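Per my numbering, the very first residue in the sequence shown carries number 1; after that it's consecutive.
Calculated directly from the structure, the hints in this document are not laboratory data.
Some hints here could point you the wrong way.
[To be verified] Keeping only pairs whose Cα atoms sit at most 20 Å apart, straight-line, the calculated SDA-like set for lysine to any residue is:
id, residue 1, residue 2
1, Lys80, Lys103
2, Lys76, Phe126
3, Lys87, Leu74
4, Lys19, Met35
5, Lys103, Glu120
6, Lys103, Met54
7, Lys73, Phe126
8, Lys76, Asp101
9, Lys73, Gly46
10, Lys19, Asn45
11, Lys134, Asp50
12, Lys87, Pro147
13, Lys73, Gln145
14, Lys134, Gly97
15, Lys131, Pro147
16, Lys134, Cys109
17, Lys131, Cys109
18, Lys113, Met54
19, Lys76, Asn45
20, Lys131, Val111
[Said to hold, decoys possible] Here are the computed distance ranges between Cβ atoms for each label pair:
id, residue 1, residue 2, range
21, Val111, Asn67, 17 to 25 Å
22, Glu49, Asp148, 40 to 48 Å
23, Lys19, Ser105, 49 to 57 Å
Quantities reported herein were computed from a predicted structural model and do not represent experimental measurements.
Even glycine gets a Cβ: it sits at the ideal position worked out from N, Cα and C.
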Amino acid sequence: MHLHFSDQGTRADFREVLKHTPGSHVYTCGPEAYMQAVLDAAEANGFPEDTRHMEYFTVPEQPEYENHPFILKLAKSGRKILVPAEKTATEALAESGIHVDVKCSDGICGVCKCGLVSGEAEHRDFVLSNKQRKGSIILCQSRAQEPDGVLEIDL
């Protein structure tokens, strides 16, 4: 363990501190600029994308999204659930009697992560890596890319 205190002149040089070895991961949380510096250094030092992790304390600025209705198809039963433009997938599932664990409802914690079987999702989370987004979705924020699109999820 190495301790660095910027007010004592021992600020960490992430490119020196973060050394990749097979099986190692990097986890960071804090202000966005700090996290980005950690992740940039980890990438430069050979950490694959799926081994670089960050967690926000507050929701970062988001683009102006346009919500539209879409359909969730439950892979295990084939049941289809309409998600209206004004609701989230977790809300529509709950109203249909399907419980999904939710903690933050902002797309920053990952508690409502679910397998994405098929469909094109508009990922609005701050948790999943690009690789993870191919097979997972954060249900509290993400939606189908197209109006009336169908997302088949592993429920």
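Now the hints, each set against the structure:
This hinted pair does not check out: lysine 80 and lysine 103 have alpha carbons roughly 24 Å apart, beyond 20 Å. Proximity of lysine 76 to phenylalanine 126 is assessed by CA-CA distance (about 27 Å); at most 20 Å being required, the pair is judged violated. Using a Cα cut-off of 20 Å, the hinted pair lysine 87 and leucine 74 holds, with the two alpha carbons roughly 18 Å apart. Between lysine 19 and methionine 35, the direct Cα distance comes to roughly 16 Å. Compliance with the 20 Å bound is thereby established for this hinted pair.
The straight-line distance between the Cα atoms of lysine 103 and glutamate 120 is roughly 24 Å, outside the 20 Å bound, and the hint therefore fails. Using a Cα cut-off of 20 Å, the hinted pair lysine 103 and methionine 54 holds, with the two alpha carbons roughly 17 Å apart. This hinted pair does not check out: lysine 73 and phenylalanine 126 have alpha carbons roughly 24 Å apart, beyond 20 Å. In summary, the hint linking lysine 76 to aspartate 101 is supported, as the alpha carbons are separated by about 18 Å, within the 20 Å threshold.
Simply put, lysine 73 and glycine 46 have alpha-carbon atoms about 38 Å apart, too far for the 20 Å limit, and the pair is violated. The straight-line distance between the Cα atoms of lysine 19 and asparagine 45 is roughly 6 Å, inside the 20 Å bound, and the hint therefore holds. In summary, the hint linking lysine 134 to aspartate 50 is supported, as the alpha carbons are separated by about 12 Å, within the 20 Å threshold. Distance restraint check for lysine 87 and proline 147: the Cα-Cα separation of roughly 14 Å lies within the 20 Å cut-off, and the hinted pair is therefore satisfied.
For the hint linking lysine 73 to glutamine 145, the alpha-carbon distance of about 15 Å falls within 20 Å, and the restraint holds. For a cut-off of 20 Å, the pair hint linking lysine 134 to glycine 97 is broken: about 27 Å separates their Cα positions. The straight-line distance between the Cα atoms of lysine 131 and proline 147 is roughly 24 Å, outside the 20 Å bound, and the hint therefore fails. Under the criterion of a C-alpha separation no larger than 20 Å, the hint pairing lysine 134 with cysteine 109 is consistent with the structure, at around 18 Å.
For the suggested pair lysine 131 and cysteine 109, the alpha carbons sit about 17 Å apart, so the restraint of at most 20 Å is met. Restraint check for lysine 113 and methionine 54: satisfied, since their Cα atoms lie roughly 15 Å apart, inside the 20 Å limit. At roughly 41 Å between alpha-carbon atoms, lysine 76 and asparagine 45 are farther apart than 20 Å, so this suggested pair is violated. At most 20 Å may separate the alpha-carbon atoms for a hinted pair to count; lysine 131 and valine 111 meet this at roughly 18 Å.
A C-beta distance of roughly 21 Å is found between valine 111 and asparagine 67, which places it inside the suggested range of 17 to 25 Å. For the pair glutamate 49 and aspartate 148, the beta carbons lie near 32 Å from each other, so the given range of 40 to 48 Å is not met. Distance hint check: the CB atoms of lysine 19 and serine 105 are about 37 Å apart, inconsistent with the given range 49 to 57 Å.
Of the numbered hints listed earlier, those contradicted by the structure are 1, 2, 5, 7, 9, 14, 15, 19, 22 and 23.
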